[in-house]
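With the hints as extra help, turn the sequences into a complete structure.
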Amino acid sequence: MSFDEEWSTARATAAANVSMRLNHVPTDPGGGGAGTGDLEINQDHIGGIGTEAHKLHSRLLTDGKHAAASSAEAAGALSKESFASGAALAKANTAWESQVKTLVAACANVSNGLNYSLSSHAKDEQQLQADFTASAIDKYLK
3 MSFDEEWSTA
13 RATAAANVSM
23 RLNHVPTDPG
33 GGGAGTGDLE
43 INQDHIGGIG
53 TEAHKLHSRL
63 LTDGKHAAAS
73 SAEAAGALSK
83 ESFASGAALA
93 KANTAWESQV
103 KTLVAACANV
113 SNGLNYSLSS
123 HAKDEQQLQA
133 DFTASAIDKY
143 LK
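Taking our numbering, the leading residue of the sequence shown gets 3, the next gets one more, and so forth.
Since the hints were derived computationally from the structure, they do not count as laboratory data. The C-beta atom is built at its ideal place from N, Cα and C for all residues, glycine as well. Careful: at least some of the hints might be erroneous.
Taking lysine-lysine and the DSS-like style, the derived pairs with C-alpha atoms no more than 25 Å apart in a straight line are [unchecked claim]:
1) K82 with K67
2) K57 with K93
3) K93 with K67
4) K67 with K57
Quick list of simulated restraints, FRET-style, between CB atoms [unchecked claim]:
5) A14 with K57: 13 to 23 Å
6) A70 with H47: 26 to 36 Å
7) G78 with S119: 44 to 54 Å
8) F5 with Q101: 41 to 51 Å
9) R61 with A90: 19 to 29 Å
10) G66 with A12: 41 to 51 Å
11) Q101 with K57: 15 to 25 Å
12) A86 with A107: 27 to 37 Å
13) I139 with T64: 50 to 60 Å
14) Q129 with G49: 13 to 23 Å
Written out as C-alpha coordinates, the structure reads:
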(Lines of atoms letter the chains of each structure in order from A; the text may use other names.)
(Lines give C-alpha, C1' and ligand atoms only; values in the text may rest on other atoms or scores of the structure.)
Protein backbone atom coordinates (compact mmCIF):
# COMPACT_ATOMS: atom_id res chain seq x y z
CA MET A 3 0.00 0.00 0.00
CA SER A 4 1.43 3.40 -0.96
CA PHE A 5 1.68 6.34 1.40
CA ASP A 6 -1.15 8.18 -0.41
CA GLU A 7 -3.47 5.18 -0.09
CA GLU A 8 -2.58 4.69 3.57
CA TRP A 9 -3.05 8.41 4.25
CA SER A 10 -6.47 8.40 2.53
CA THR A 11 -7.57 5.41 4.57
CA ALA A 12 -6.40 7.02 7.81
CA ARG A 13 -8.19 10.28 6.97
CA ALA A 14 -11.41 8.45 6.09
CA THR A 15 -11.30 6.48 9.34
CA ALA A 16 -10.66 9.61 11.39
CA ALA A 17 -13.46 11.50 9.61
CA ALA A 18 -15.90 8.67 10.32
CA ASN A 19 -15.09 8.79 14.05
CA VAL A 20 -15.55 12.55 14.48
CA SER A 21 -18.47 13.70 16.61
CA MET A 22 -19.35 16.93 18.38
CA ARG A 23 -18.70 16.64 22.10
CA LEU A 24 -18.69 20.28 23.14
CA ASN A 25 -22.43 20.76 23.08
CA HIS A 26 -23.14 20.55 26.82
CA VAL A 27 -21.89 21.59 30.23
CA PRO A 28 -20.05 18.88 32.18
CA THR A 29 -22.31 17.21 34.72
CA ASP A 30 -19.61 16.05 37.11
CA PRO A 31 -19.08 18.11 40.26
CA GLY A 32 -15.90 20.07 39.89
CA GLY A 33 -16.33 20.20 36.13
CA GLY A 34 -16.70 23.93 36.31
CA GLY A 35 -20.33 24.18 35.37
CA ALA A 36 -22.32 21.81 37.48
CA GLY A 37 -23.27 23.86 40.52
CA THR A 38 -25.23 27.00 40.94
CA GLY A 39 -22.58 29.09 39.24
CA ASP A 40 -21.57 30.77 42.49
CA LEU A 41 -17.98 31.23 43.46
CA GLU A 42 -17.31 28.80 46.24
CA ILE A 43 -14.15 28.61 48.31
CA ASN A 44 -13.57 25.58 50.46
CA GLN A 45 -11.33 27.07 53.12
CA ASP A 46 -10.31 23.67 54.50
CA HIS A 47 -9.02 22.49 51.12
CA ILE A 48 -7.25 25.74 50.33
CA GLY A 49 -5.80 25.91 53.82
CA GLY A 50 -4.56 22.33 53.49
CA ILE A 51 -2.87 23.07 50.18
CA GLY A 52 -1.27 26.18 51.64
CA THR A 53 -0.03 24.19 54.62
CA GLU A 54 1.49 21.52 52.38
CA ALA A 55 3.15 24.19 50.22
CA HIS A 56 4.65 25.73 53.36
CA LYS A 57 5.89 22.33 54.58
CA LEU A 58 7.47 21.66 51.19
CA HIS A 59 9.06 25.12 51.26
CA SER A 60 10.57 24.45 54.69
CA ARG A 61 11.89 21.01 53.70
CA LEU A 62 13.37 22.27 50.44
CA LEU A 63 15.25 24.99 52.30
CA THR A 64 17.14 22.35 54.26
CA ASP A 65 16.93 19.07 52.32
CA GLY A 66 17.46 20.70 48.93
CA LYS A 67 20.92 21.79 50.02
CA HIS A 68 21.82 18.47 51.62
CA ALA A 69 24.45 17.45 49.05
CA ALA A 70 25.66 20.92 48.03
CA ALA A 71 28.82 21.01 50.15
CA SER A 72 29.92 17.45 49.36
CA SER A 73 29.17 17.93 45.65
CA ALA A 74 31.20 21.14 45.55
CA GLU A 75 34.04 19.42 47.41
CA ALA A 76 33.99 16.44 45.04
CA ALA A 77 33.88 18.73 42.00
CA GLY A 78 36.90 20.62 43.33
CA ALA A 79 38.85 17.43 44.02
CA LEU A 80 38.07 16.00 40.58
CA SER A 81 39.00 19.26 38.87
CA LYS A 82 42.25 19.43 40.84
CA GLU A 83 43.18 16.00 39.48
CA SER A 84 42.32 17.21 35.92
CA PHE A 85 39.19 15.11 35.54
CA ALA A 86 36.64 16.65 33.17
CA SER A 87 33.88 15.25 35.37
CA GLY A 88 34.87 17.80 38.03
CA ALA A 89 33.68 20.72 35.91
CA ALA A 90 30.58 18.77 34.90
CA LEU A 91 29.76 18.02 38.54
CA ALA A 92 30.26 21.67 39.47
CA LYS A 93 27.93 22.71 36.66
CA ALA A 94 25.32 20.13 37.72
CA ASN A 95 25.58 21.32 41.33
CA THR A 96 25.08 24.95 40.28
CA ALA A 97 22.06 23.98 38.17
CA TRP A 98 20.63 21.97 41.08
CA GLU A 99 21.01 24.88 43.49
CA SER A 100 19.30 27.19 41.00
CA GLN A 101 16.38 24.77 40.58
CA VAL A 102 16.00 24.37 44.35
CA LYS A 103 15.87 28.16 44.76
CA THR A 104 13.20 28.33 42.05
CA LEU A 105 11.12 25.63 43.77
CA VAL A 106 11.49 27.29 47.18
CA ALA A 107 10.29 30.59 45.72
CA ALA A 108 7.38 28.88 43.94
CA CYS A 109 6.27 27.09 47.13
CA ALA A 110 6.43 30.35 49.06
CA ASN A 111 4.43 32.06 46.33
CA VAL A 112 1.72 29.36 46.42
CA SER A 113 1.53 29.36 50.21
CA ASN A 114 1.43 33.15 50.49
CA GLY A 115 -1.06 33.49 47.63
CA LEU A 116 -3.46 30.99 49.18
CA ASN A 117 -3.17 32.61 52.61
CA TYR A 118 -3.90 36.00 51.03
CA SER A 119 -6.87 34.57 49.13
CA LEU A 120 -8.37 33.07 52.28
CA SER A 121 -7.88 36.27 54.25
CA SER A 122 -9.23 38.45 51.45
CA HIS A 123 -12.26 36.19 50.96
CA ALA A 124 -13.04 36.25 54.70
CA LYS A 125 -12.88 40.07 54.73
CA ASP A 126 -15.11 40.27 51.66
CA GLU A 127 -17.64 37.92 53.28
CA GLN A 128 -17.68 40.05 56.45
CA GLN A 129 -18.19 43.22 54.42
CA LEU A 130 -21.00 41.66 52.37
CA GLN A 131 -22.72 40.44 55.51
CA ALA A 132 -22.42 43.89 57.08
CA ASP A 133 -23.76 45.54 53.91
CA PHE A 134 -26.73 43.18 53.70
CA THR A 135 -27.50 43.61 57.40
CA ALA A 136 -27.35 47.40 57.08
CA SER A 137 -29.52 47.21 53.97
CA ALA A 138 -32.16 45.16 55.83
CA ILE A 139 -32.13 47.61 58.76
CA ASP A 140 -32.47 50.58 56.41
CA LYS A 141 -35.46 48.90 54.75
CA TYR A 142 -37.28 48.62 58.06
CA LEU A 143 -36.42 52.16 59.17
CA LYS A 144 -37.90 53.82 56.10
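Structure-based check of each hint:
As the CA atoms of K82 and K67 are separated by approximately 23 Å, the hinted pair is consistent with the 25 Å bound. Distance check on the hinted pair: K57 and K93 sit about 28 Å apart at the alpha-carbon level, beyond 25 Å; violated. Taking the CA atoms of K93 and K67, the gap is about 15 Å. The hint holds against a cut of 25 Å. Restraint check: the Cα-Cα separation between K67 and K57 comes to about 16 Å, which is no more than 25 Å; the hinted pair holds.
For the pair A14 and K57, the supplied restraint of 13 to 23 Å is violated, since their beta-carbon distance comes to about 54 Å. Judged by the Cβ atoms, the range 26 to 36 Å given for A70 and H47 holds: they are separated by roughly 35 Å. For G78 paired with S119, a C-beta distance near 46 Å keeps the hint of 44 to 54 Å intact. Roughly 44 Å separates the CB atoms of F5 and Q101, a value that falls within the hinted 41 to 51 Å.
Between R61 and A90 the Cβ separation comes to about 27 Å, which falls inside the hinted range of 19 to 29 Å. Roughly 48 Å separates the CB atoms of G66 and A12, a value that falls within the hinted 41 to 51 Å. Checked against the given bound of 15 to 25 Å, the beta carbons of Q101 and K57, roughly 19 Å apart, stay inside it. As the Cβ distance of A86 to A107 is approximately 32 Å, the hint placing it in 27 to 37 Å holds.
I139 and T64 have their C-beta atoms about 54 Å apart, which keeps the hinted 50 to 60 Å range intact. Between Q129 and G49 the C-beta distance comes to about 21 Å, which sits within the given range of 13 to 23 Å.
In this structure, the earlier hints numbered 2 and 5 are contradicted, and the remaining ones agree with it.
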